[in-house]
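> For reference, the chains in residue letters:
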Amino acid sequence: MNVENTIWRCARCDVPLIMKKTVFNYLGQSFTHDVPCCPSCGNVLITPELARGKMAQVEEQLEDK
Amino acid sequence: MKLEEALSYTEKCFNGEPATCSWACPFRLDIRDFLGKAENGKWNAAYKLYRNAVAFPVAVSLLCDAPCRSRCQRQALGDAPIAVLDIEAAVIKYAGTKKAQKYVIPPKEGRVAVIGAGLAGLSCALGLAQKRIDVTVYEREAQLGGALRMHPRFDEIAQDIQLQFSAAEAEFRLGEEIASLESLAGYSAVYIATGTDGEHFGCLESWDSALFSCSTPGVFLGGALTGSSPVEGIAQGIAAARNIEIYLQLGKISESYGASSGDGLENCGRSIGHEGAESIPAVIAASPDGYTSEEAAREAARCLKCDCDKCMSSCEMLRAFRKKPHKIATEVYTDQNASPPYSSHTITRETFSCNICGYCKSVCPEGVDIGALLRVSRAERMNAGSAPAALHDFWMREMDFNTGEAALCAPPPGAHECEYVFFPGCQLGASRPDHVRLAYGLINSNNNCGIYLGCCGAPAWWAGDDRRFFANLSAIRANWESLGRPIFVFACATCVGLFGAFAPDIAFISLYELLDALDSLAPVCAFGRVSVFDPCSARGGKAMRAAVRSIVARSGAEIAPLPELGRCCGYGGHMRVANPKLYDEIVSNRAAASGEPYIVYCANCREVFAAYGKECSHILDVALGLATTAGVPTISEKRANSLELREEFAFCNLGSRPPRSVPRWDGISLVMGAQLRERLDRELIAQDDIKEAIFMAQSSGAYFTDEASGARICSLVKPVLTYWALYKPLESGIYEILDAYCHRMRFEPEAR
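Residue numbers (my numbering), protein chains in the order written: chain A, 1 to 65; chain B, 1001 to 1752.
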C-alpha cells in the first residue's frame, strides 16, 4: 500500500493527521522537517518512504561528519 | 590517544616511501618517478627531477657507479636490473630545454665561504647560491673542477657546471689559497672540501659524518677530504648546503633528510614480492652511443614501480576508501577530537566498515595491522561519546540477550566442578542448537564436561566498547573459577582469538580437535569435493585448522584449497550496518573464491554463505553425520533456540528448568510473506520488536489508522533505534505485517 498518499488518522484522538514542522535530532545535531502529526496529541508518523529515503540519507551524512 | 600512538600502528608501513633503489642512491633520487617520466617520453620533466636531485647531471651520469642497480627488484624475477645510468644519459641527451634551477626568493642573511672548487665544494656552493645565500668559493688552482679536471670528458662536465650556476649568484676566487680559518672570520659558515689529503685546518678529527659539521661551530667538511667518492662528495655537498642553511637560520645544526648514503640502506631489503609480475629482458642499445629515445623509454618501462600496496590491493574495504595507511593513522587521531559542526570526522565510515579480520596484517611485509588501528578508533570514538551507536546496536542487544536471558553456566550433572567446559559461543546454539546438543553429548561422554552458554564479548570488542568487553570477560572468569578452572572447549574461532589475547591463563582447546581425537567419529560429507573456508579469526589457529581438515578427510571428501587463507566472510567487525554495499561485495567475493562447496566451522560464516546461496556445510554436520541444512533461522527463531537450549541444559545439568521471563507480547502471532521476512532479517529487524511495538500500540491506542484499508501504523522507541510496523489486525492476537522499518533519528514536535 502507498503509505505516503494515505490519509492517516490518529486512533486515539480520531482526527486526521496534518503536516507539521517537527524537530529531528541525531548525533548532537538537530533540524526541522514537515511530517504528518496528530493535531491533537502531537504524535508523529514517519512513513517508510521517509525512513528509508531522505532520513536514511541524512543519518548517513551526519554519521560521516 | 596521542598522535604518536596512532602513528605507531603504521610506522612500519613503507607505502609512498622511496623504493629500494632510491634508498641505495646517494641522492635519494626518486627513481620510480624518474623512470615513469622517461617511460612516457617526458624528457624535460625527467631532466628537471634528475637535475634537482643531483645538482650536476652530466658529472653524476658519468661518474655514478649506480648502487641502485644492485637493489633493483627486477632481479628477483631473474631479470637484469634497470639500466638507470643509460637512461640518465638519454634523459640528458633528449631533454629539449636544459635550464638551471632557479628559486625566486629574497636574499638570505649570512655569508658562507667554500674552500675548494671540486664537485663537492661546488655542489654545496650551488645549493647555497640557489637559496640566495651569499657564497664565495676559494680555489687555490686557477680552474674549477678539482680532481675531475683529469676526466676525459671534463669539457662536458665543465659546461654543465657553468649551466647550473647560470641562474645562481656565487663569487669565485680562483688562485686564492686559504692559509687559516681566521682569514675567513667575516663568514658565518665555512665548508671545507679541499679534496684527497687536502688541508682541513685541524677540523677533520672532530668531523661528524651525519651532519658534516665539526667541533668548531659553523665549520663543515665534505668530499674526498673525508674519504668519499666524487659522487658521494656531490651528495654530501648538497646535504651540507641544507645543513648550513639551517645553521644560518637557527644557529644550530640538525640533520637534513637524505644526509648520507649510508642512511636507510636497511630499507633496501623491503621487497614486495611482485607475484604475477612478468619477466622482461633488458633493452640493449643498438648503437654504441647509447639508447635512442625509444629504447630508453622501453627500458624505463621495465621498472616495476616498487611501492607496497599489498593491504590496499588485498582488502576490499581499503580499496573502497582509497586512503593510505599513514593517512588512516593521522585521521584516526584527528577523528577522536572532531566536534561537529565545528570540525568534521573524516574517517567514520571507514572505521566502522572494517571487518577487523587482520588480513591486511597477514599480507603486509611489515605486519602493519590497519584493522587493529580502526578498532582502537572505534574504542576512542566510544570513549569520546561520538560513536554512532546505531551501527552496532543490533549486536550489542544480542550480546545483552546472550549474556543475560540466554546465558547459563553449569557443571556436568551431579558435579560442582569439571575438567572441561563447552563454550559453543553465542551463535552456534542460536543457529544450530542440534550442533550444541550433539557435540556436548559426545564430549561429555568422554570427558567430565560442563556447559557454558554465553558470549565471548566479540560484539562489544568490535563496537569499541572495551568497558563492556572486559566486564563480560571478568564475569566469565568468575564462572570459570567457580567450575574449578576447567579447560574451555571452543566451537568458534573468534572466541579462541579473544580468549587467547585477553585471558591467556585460561586453557582452551577447539571442539574440532577434541572431536578429531575420537576414533569413534564417523564423519559424513554431503559433497565429494569441497573447499575448507577458514574463518578469519582462525588464521593463527593451526591446530584447529588441521583438525577440521582431518575430519573432512576422514569423511572421504577431497579438499580443494582456497587461494587465500583466513579471509573474512563479511561478518567480522559487524560492519554490515555501516556499509551494506561493501558487505555484499565482500560476501560475493568470498563465495566466488572457489567453485566447490564450502566446509565452514564458524556459525556466522555458514549463515552468511547460506543467506547468499553459496553451497556450504558446517564441519559439525560432517563430523556428526548430519544432513546439511541450507536455511538460516530468523533473528527471533535464533533467540528462541538459545532460550530453549538454556532450559534444556539447565534441566539436564542442574536438575531444574529456570523460570523464563515471558514478555507480554509473546502471545502475539505475526503473519507475513517469505520475502518480507527475509527483508526484515536482512535489515536486522527482529520480529520480537515488531510484536512489542504492536502490543504496546494496541494496548495504548497510540497508532495511526487508515479506515479505507484497515491498515495501522505504530512505532516503538528503543534506546538507539525507533521501529515502525505497518500492519492489519486479522483475528484476536494475530496481525498481518505489511511492512516494518526503523530509523536512527529521534524526533519531537516543534514547540508552539
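These are calculated hints, taken from the structure and not from any lab test.
Any given hint could turn out to be false.
In silico lysine to aspartate or glutamate, EDC-like type, Cα no more than 16 Å apart, as pairs [to be verified]:
| no. | chain 1 | residue 1 | chain 2 | residue 2 |
| --- | --- | --- | --- | --- |
| 1 | A | K21 | B | E1748 |
| 2 | A | K65 | B | E1199 |
| 3 | B | K1581 | A | D14 |
Where chain A lies over chain B, by a calculated footprint (3+ residues, C-beta under 8 Å) [to be verified]:
| no. | region |
| --- | --- |
| 4 | 1702-1709 |
| 5 | 1733-1742 |
So the derived label-pair ranges between C-beta atoms look like this [to be verified]:
| no. | chain 1 | residue 1 | chain 2 | residue 2 | range |
| --- | --- | --- | --- | --- | --- |
| 6 | A | N25 | B | E1564 | 27 to 35 Å |
| 7 | B | R1554 | A | G53 | 49 to 57 Å |
| 8 | B | A1708 | A | C41 | 45 to 53 Å |
| 9 | A | N25 | B | G1414 | 30 to 38 Å |
| 10 | B | R1554 | A | E60 | 24 to 32 Å |
| 11 | B | F1651 | A | R52 | 42 to 50 Å |
| 12 | A | R52 | B | R1660 | 52 to 60 Å |
| 13 | A | F31 | B | P1580 | 20 to 28 Å |
| 14 | A | G53 | B | D1666 | 49 to 57 Å |
| 15 | A | Q57 | B | T1097 | 50 to 58 Å |
| 16 | B | A1517 | A | Q57 | 21 to 29 Å |
| 17 | A | G42 | B | K1718 | 19 to 27 Å |
| 18 | A | E60 | B | I1734 | 45 to 53 Å |
For every residue, glycine included, the Cβ atom is placed at its ideal position computed from N, Cα and C.
> Taking the hints in turn, state whether each one holds.
Verification of the supplied hints:
Taking the CA atoms of K21 of chain A and E1748 of chain B, the gap is near 9 Å; set against the 16 Å cutoff, the hint holds. Restraint check for K65 of chain A and E1199 of chain B: not satisfied, since their Cα atoms lie roughly 64 Å apart, outside the 16 Å limit. Simply put, K1581 of chain B and D14 of chain A have alpha-carbon atoms about 42 Å apart, too far for the 16 Å limit, and the pair is violated. Restraint check on the region 1702-1709 of chain B versus chain A: 8 residues with Cβ-Cβ distances below 8 Å, three needed, restraint holds.
Only when three residues or more bring their CB closer than 8 Å to a CB of chain A does the claim for the region 1733-1742 of chain B stand; here the count is 4, and the claim holds. Between N25 of chain A and E1564 of chain B the Cβ separation comes to about 44 Å, which falls outside the hinted range of 27 to 35 Å. The beta-carbon spacing between R1554 of chain B and G53 of chain A, approximately 53 Å, falls within the hinted interval of 49 to 57 Å. In this structure the hint that A1708 of chain B and C41 of chain A lie 45 to 53 Å apart at CB is violated, the actual value being about 22 Å.
Range check, N25 of chain A to G1414 of chain B: about 56 Å between beta-carbon atoms, so the 30 to 38 Å window is missed. Checked against the hint of 24 to 32 Å, the pair R1554 of chain B and E60 of chain A fails, with Cβ atoms roughly 49 Å apart. The given range of 42 to 50 Å is respected by F1651 of chain B and R52 of chain A, whose C-beta atoms sit roughly 44 Å from each other. With their beta carbons about 35 Å apart, R52 of chain A and R1660 of chain B fall outside the hinted range of 52 to 60 Å.
Under the hint 20 to 28 Å, the C-beta atoms of F31 of chain A and P1580 of chain B, about 25 Å apart, fit the expected range. Evaluation of the 49 to 57 Å hint for G53 of chain A and D1666 of chain B yields a failure: the beta carbon distance comes to about 33 Å. One distance hint, 50 to 58 Å for the beta-carbon pair Q57 of chain A and T1097 of chain B, holds here, with the actual separation near 52 Å. Between A1517 of chain B and Q57 of chain A, the C-beta spacing of about 54 Å breaks the proposed range 21 to 29 Å.
Restraint check, G42 of chain A to K1718 of chain B: a C-beta distance of roughly 20 Å satisfies the suggested window 19 to 27 Å. The hint said 45 to 53 Å for the Cβ distance between E60 of chain A and I1734 of chain B, and at roughly 36 Å that hint is violated.
The structure shown violates the earlier hints numbered 2, 3, 6, 8, 9, 10, 12, 14, 16, 18.
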